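Just need the whole structure built from these sequences, with the hints factored in.
Taken in order, these protein sequences are the chains called A and B.
In terms of our numbering, the first sequence opens at residue 1 and continues consecutively.
In terms of our numbering, the second sequence opens at residue 1 and continues consecutively.
FYI, nobody ran anything at the bench for these hints, they're computed from the structure.
Keep in mind it's a predicted model, so treat the numbers as computed, not measured.
Beta carbons: idealized from backbone N, C-alpha and C, even for Gly.
All clues stand as given, with none of them false.
Label pairs and their calculated CB-CB ranges:
#1 A/E116 with B/T667: 24 to 34 Å
#2 A/S42 with B/S70: 33 to 43 Å
#3 B/S736 with A/E54: 21 to 31 Å
#4 A/T6 with B/S132: 21 to 31 Å
#5 B/V205 with A/G82: 44 to 54 Å
#6 B/D540 with A/E116: 38 to 48 Å
#7 A/N52 with B/D664: 35 to 45 Å
#8 B/Q255 with A/G31: 32 to 42 Å
#9 A/H14 with B/Q719: 34 to 44 Å
#10 B/S132 with A/E130: 28 to 38 Å
#11 A/S42 with B/T667: 19 to 29 Å
#12 B/G77 with A/G82: 34 to 44 Å
What follows is the residue order along each chain.
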Amino acid sequence: MDVTITVNGQQHTHDVEPRTLLVHYIREHAGLTGTNIGCDTSSCGACSIHLNGEAAKSCTVLAAQADGMEITTIEGMAATDGTLHPMQQAFMENHGLQCGYCTPGMVMAATSLLDENPSPTEDEVRIGLEGNLCRCTGYHNIVKSVLAAADA
Amino acid sequence: MTVIDNMETSDESIAAGNGLLGQRMLRKEDPALLTGEAVFTNDMKVPGALHLAVLRSPYAHAKISSVNVSGALEMEGVMHAFSGADLADQWAAPMPCAWPVTEDMKNPPHYPLAVDKAAYVGDGVACVLATSEAVARDALEAIDVEYEPLPAVIDLEDSLADAVVIHNELGTNSSYTWPLVIEENEGDCQSAIDNSAYVVKERYVQQRLIPMAMEPRAVVAMPQPFGGDITLFTATQVPHVLKVMSALTLGIPEQQLRVVCPAVGGGFGSKLDVYAEELLCLHLARSLGKPIRWNEERGENAQATIHGRAQIQDIELAADENGKITGLRVRLLADMGAYLQLITPGIPLLGAFLYGGVYEIPKAFDFSCTGVFTTMTPTDAYRGAGRPEATYAIEHAMDALAREMDIDPLELRRRNFIPRDAFPYEAYTGLVYDSGDHDKAAKVAEDLVDYAGVRARQATQNTPDATKRLGIGISTYFEMCGLAPSRVLASLNYAAGGWESATVRVLPTSKIQVVTGTAPHGQGHETAWSMIAADKFGVDPADVDVLHSDTAIAPLGMDTYGSRSLPVGGVAISMACDQVIDKARKIAAHQMEANEDDLEFAGGVFTVTGSPDKEMPLAAVAFEAFTAHDLPDGLEPNLEMQVTYDPPNFSWPFGTHMCVVEIDTETGETEVLQYVAVDDCGNKVNPLIVDGQVHGGVIQGLAQALYEEAAYDSDGNLQSSSLAEYLVPAASDVPSITLGESITPSPTNPLGVKGVGEAGTIGAAPCVMNAVVDALSGLGVRDIQMPASPVRVWNAIQEARNNTQENQQ
Numbered sequence: 001m002d003v004t005i006t007v008n009g010q011q012h013t014h015d016v017e018p019r020t021l022l023v024h025y026i027r028e029h030a031g032l033t034g035t036n037i038g039c040d041t042s043s044c045g046a047c048s049i050h051l052n053g054e055a056a057k058s059c060t061v062l063a064a065q066a067d068g069m070e071i072t073t074i075e076g077m078a079a080t081d082g083t084l085h086p087m088q089q090a091f092m093e094n095h096g097l098q099c100g101y102c103t104p105g106m107v108m109a110a111t112s113l114l115d116e117n118p119s120p121t122e123d124e125v126r127i128g129l130e131g132n133l134c135r136c137t138g139y140h141n142i143v144k145s146v147l148a149a150a151d152a
Numbered sequence: 001m002t003v004i005d006n007m008e009t010s011d012e013s014i015a016a017g018n019g020l021l022g023q024r025m026l027r028k029e030d031p032a033l034l035t036g037e038a039v040f041t042n043d044m045k046v047p048g049a050l051h052l053a054v055l056r057s058p059y060a061h062a063k064i065s066s067v068n069v070s071g072a073l074e075m076e077g078v079m080h081a082f083s084g085a086d087l088a089d090q091w092a093a094p095m096p097c098a099w100p101v102t103e104d105m106k107n108p109p110h111y112p113l114a115v116d117k118a119a120y121v122g123d124g125v126a127c128v129l130a131t132s133e134a135v136a137r138d139a140l141e142a143i144d145v146e147y148e149p150l151p152a153v154i155d156l157e158d159s160l161a162d163a164v165v166i167h168n169e170l171g172t173n174s175s176y177t178w179p180l181v182i183e184e185n186e187g188d189c190q191s192a193i194d195n196s197a198y199v200v201k202e203r204y205v206q207q208r209l210i211p212m213a214m215e216p217r218a219v220v221a222m223p224q225p226f227g228g229d230i231t232l233f234t235a236t237q238v239p240h241v242l243k244v245m246s247a248l249t250l251g252i253p254e255q256q257l258r259v260v261c262p263a264v265g266g267g268f269g270s271k272l273d274v275y276a277e278e279l280l281c282l283h284l285a286r287s288l289g290k291p292i293r294w295n296e297e298r299g300e301n302a303q304a305t306i307h308g309r310a311q312i313q314d315i316e317l318a319a320d321e322n323g324k325i326t327g328l329r330v331r332l333l334a335d336m337g338a339y340l341q342l343i344t345p346g347i348p349l350l351g352a353f354l355y356g357g358v359y360e361i362p363k364a365f366d367f368s369c370t371g372v373f374t375t376m377t378p379t380d381a382y383r384g385a386g387r388p389e390a391t392y393a394i395e396h397a398m399d400a401l402a403r404e405m406d407i408d409p410l411e412l413r414r415r416n417f418i419p420r421d422a423f424p425y426e427a428y429t430g431l432v433y434d435s436g437d438h439d440k441a442a443k444v445a446e447d448l449v450d451y452a453g454v455r456a457r458q459a460t461q462n463t464p465d466a467t468k469r470l471g472i473g474i475s476t477y478f479e480m481c482g483l484a485p486s487r488v489l490a491s492l493n494y495a496a497g498g499w500e501s502a503t504v505r506v507l508p509t510s511k512i513q514v515v516t517g518t519a520p521h522g523q524g525h526e527t528a529w530s531m532i533a534a535d536k537f538g539v540d541p542a543d544v545d546v547l548h549s550d551t552a553i554a555p556l557g558m559d560t561y562g563s564r565s566l567p568v569g570g571v572a573i574s575m576a577c578d579q580v581i582d583k584a585r586k587i588a589a590h591q592m593e594a595n596e597d598d599l600e601f602a603g604g605v606f607t608v609t610g611s612p613d614k615e616m617p618l619a620a621v622a623f624e625a626f627t628a629h630d631l632p633d634g635l636e637p638n639l640e641m642q643v644t645y646d647p648p649n650f651s652w653p654f655g656t657h658m659c660v661v662e663i664d665t666e667t668g669e670t671e672v673l674q675y676v677a678v679d680d681c682g683n684k685v686n687p688l689i690v691d692g693q694v695h696g697g698v699i700q701g702l703a704q705a706l707y708e709e710a711a712y713d714s715d716g717n718l719q720s721s722s723l724a725e726y727l728v729p730a731a732s733d734v735p736s737i738t739l740g741e742s743i744t745p746s747p748t749n750p751l752g753v754k755g756v757g758e759a760g761t762i763g764a765a766p767c768v769m770n771a772v773v774d775a776l777s778g779l780g781v782r783d784i785q786m787p788a789s790p791v792r793v794w795n796a797i798q799e800a801r802n803n804t805q806e807n808q809q
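The structure is reproduced here in structure tokens:
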């Protein structure tokens with residue numbers, strides 16, 4: 001079946017199997033591998049993207065369900081001149097990443113969190129990110145990054 | 001609060017450099033990782049690759065009567081399918097175990113696919129190659145395997161009884177018994193236990209843990225069928241070890257094999273191994289002449305990537321009337337799982353030398369470990385590997401002793417600390433601890449947590465009817481890391497050395513390349529190694545490029561594990577820089593017609609003492625070395641030096657952790673209110689990275705204490721094989737961490753550094769569990785098994801209350 005999805009501002013039409021998950025569409029059809037897969041139970045959030053402007057785990061959505069929608073992946077966050085998105089910059093400045101595998105999903109979830117709540121408390125950041133798992137940082141510097149981005 | 005003293009050594013080393021070491025420099029690795037530009041193995045685009053999928057045993061223990069792959073072969077897109085028997089004669093050797101800890105250790109043959117018998121749920125029995133991953137996985141369902149199920153063996157003591165022998169050819173489930181014998185003191189331990197004022201006898205269970213790196217494993221094997229070479233791209237921590245071991249297992253000429261790690265998404269020991277899927281991809285790519293790739297699903301990761309911990313510890317700790325330790329006996333049962341992976345049997349040995357903690361222990365020490373097979377996933381190194389287990393045992397036992405003596409647990413520890421002026425300290429095991437200052441680490445932690453204040457709050461809050469009870473936990477630790485002096489490894493029968501290699505070259509344009517044998521997967525080596533070289537040469541770290549994790553570019557290396565990369569690999573880089581500078585000095589002296597002893601090198605420029613008009617920047621020297629038009633007689637062109645550094649000792653980081661927990665007695669839930677970690681790893685190259693390592697380590701240790709467990713049912717089924725069931729904590733489950741500073745440089749190496757990757761994990765589990773028991777001991781709770789889940793805590797409270805009531809009746 002054909003699906004038409006606007007990815008990072010560019011419209012694509014692809015013929016996909018009906019069972020194709022949006023994350024597989026992004027990685028294999030749109031060719032954008034910054035969105036990672038960390039589990040098979042929608043637990044880890046590594047595949048978080050923005051779907052019509054809100055964070056979503058792209059493994060919980062079929063590509064067919066996203067037909068006609070706009071998505072932003074991690075590749076769409078930095079400016080075309082290479083300037084990092086303020087959230088990416090905050091993660092860099094606060095050492096909010098180590099191996100970097102959860103990072104794209106974490107950045108997407110965190111930007112969405114600040115869209116909804118521009119001045120969160122530490123607890124609100126922790127609760128807001130509970131759908132995204134990180135094994136390296138112990139979350140300390142991720143939380144610090146998000147609070148710094150909120151202040152920026 | 002920040003405490004930095006004892007900086008004599010580091011002052012000296014920093015003075016010799018250009019002031020970069022110790023700076024919180026942002027990481028070079030981050031832009032690629034933050035933008036999706038970084039390529040993990042699973043991200044590689046490989047035209048024409050066939051996808052491997054592995055059929056795994058649903059039984060913990062079963063004879064394989066027959067395997068019929070014909071159904072899979074009939075499916076569209078399926079190109080090949082093989083049973084274990086089909087490939088049985090293709091391997092030059094079984095999968096490697098590089099640590100035969102005793103002469104008579106029993107090691108069952110272990111092949112990438114099981115042939116006659118499956119020995120754990122997840123053991124590979126057949127495989128499919130198809131044109132897409134989805135087709136390959138679908139086709140597994142069309143393979144028909146007949147099993148004859150046998151009883152599962154999941155209890156260590158049952159296993160030891162040999163009622164069901166897992167590997168018939170061994171005749172027993174016991175792999176080895178390894179004693180740490182201190183011969184001249186045999187018998188002293190029993191005597192101490194018989195004659196001391198206090199003896200605590202405890203049994204602790206280190207539950208099985210799943211490392212759960214966020215990136216599951218992934219492999220791409222790419223052959224050049226006509227040239228004979230083959231490249232293995234794989235998510236591993238050990239490209240160099242893997243290359244040697246794969247060549248031996250597959251009978252591939254080693255020079256034809258290249259191993260490359262693309263970006264690697266965490267390891268924690270789980271990617272320190274030689275795995276069946278790597279060998280299958282290599283073999284099939286070579287024999288079929290096509291690229292083969294495999295991606296691990298999370299459920300497979302839980303079953304078929306190694307597990308960690310899994311020990312039963314019996315510890316007897318004896319002390320005199322003042323609480324001074326007089327003797328220590330440890331008996332371990334260590335769960336090997338179904339097979340011995342790369343260093344499975346050696347993991348408990350890495351802990352054997354740390355059961356004495358940070359204390360003055362007399363030679364009345366008696367340790368023995370027995371490794372036993374079970375029908376569960378093989379165990380191997382998981383962050384800390386033997387050392388968190390050891391630290392847990394001594395630190396939890398110290399708290400038990402303090403309760404027995406009715407004294408403050410911090411005071412008990414202080415009475416036993418090895419004093420600062422006793423270092424270097426030869427321990428009861430014969431190993432020499434390089435440096436330490438336990439009183440300071442404990443004092444920093446004590447002040448940061450406000451120990452006296454929290455104890456006062458606890459006394460007010462923990463009334464018999466309180467529904468929220470406070471507990472304070474303490475742990476102190478020594479870690480034996482920076483693996484390792486090769487001769488010590490030899491004495492432990494480890495089959496490899498513990499050195500590390502570095503090559504440093506200054507390019508004609510004066511930019512610098514550092515080639516390292518370390519294999520980072522989140523630790524920021526590109527940043528830290530740049531800082532070491534830039535500090536030496538007096539250049540911008542941006543002018544230094546770090547090459548790693550590709551055996552064609554960095555052919556020599558022992559990889560990244562055991563908190564070894566900085567104290568071994570980083571030191572090798574520092575030494576190679578010194579050698580390059582020595583050579584550059586000869587060239588500069590020749591060019592400036594000066595005596596090389598009169599040359600100074602600072603800020604990237606050679607100057608001549610007493611001749612302020614003469615100077616030669618590194619760039620000019622590098623170009624002279626490149627053109628070789630006018631070099632001193634006998635000096636080779638180019639500025640490049642290679643160093644292989646074998647450390648003379650382990651590095652011994654240490655520290656004190658303290659935490660405050662509040663337990664809801666009605667729900668059994670534990671909340672960590674405050675966590676303080678003081679981890680002394682000597683001089684820090686980049687404190688930003690050091691802090692991050694401690695944060696992550698602490699949360700993994702805290703997760704062992706409160707959340708995580710690889711639970712098996714009696715049939716040997718893993719009940720926590722997804723991230724929905726295996727409770728890796730989320731941000732909302734854990735606290736922020738307060739770090740206190742203590743810097744005691746290592747005298748062993750010129751940088752004064754120690755390792756830090758595992759320290760947080762080692763300190764955290766006993767700290768949290770000591771707090772949990774501390775909160776509940778007033779109710780009569782003696783101990784709780786990890787993880788201290790709400791149900792376990794609640795049950796322990798009920799049991800203690802019932803016991804109290806019975807006693808009162």
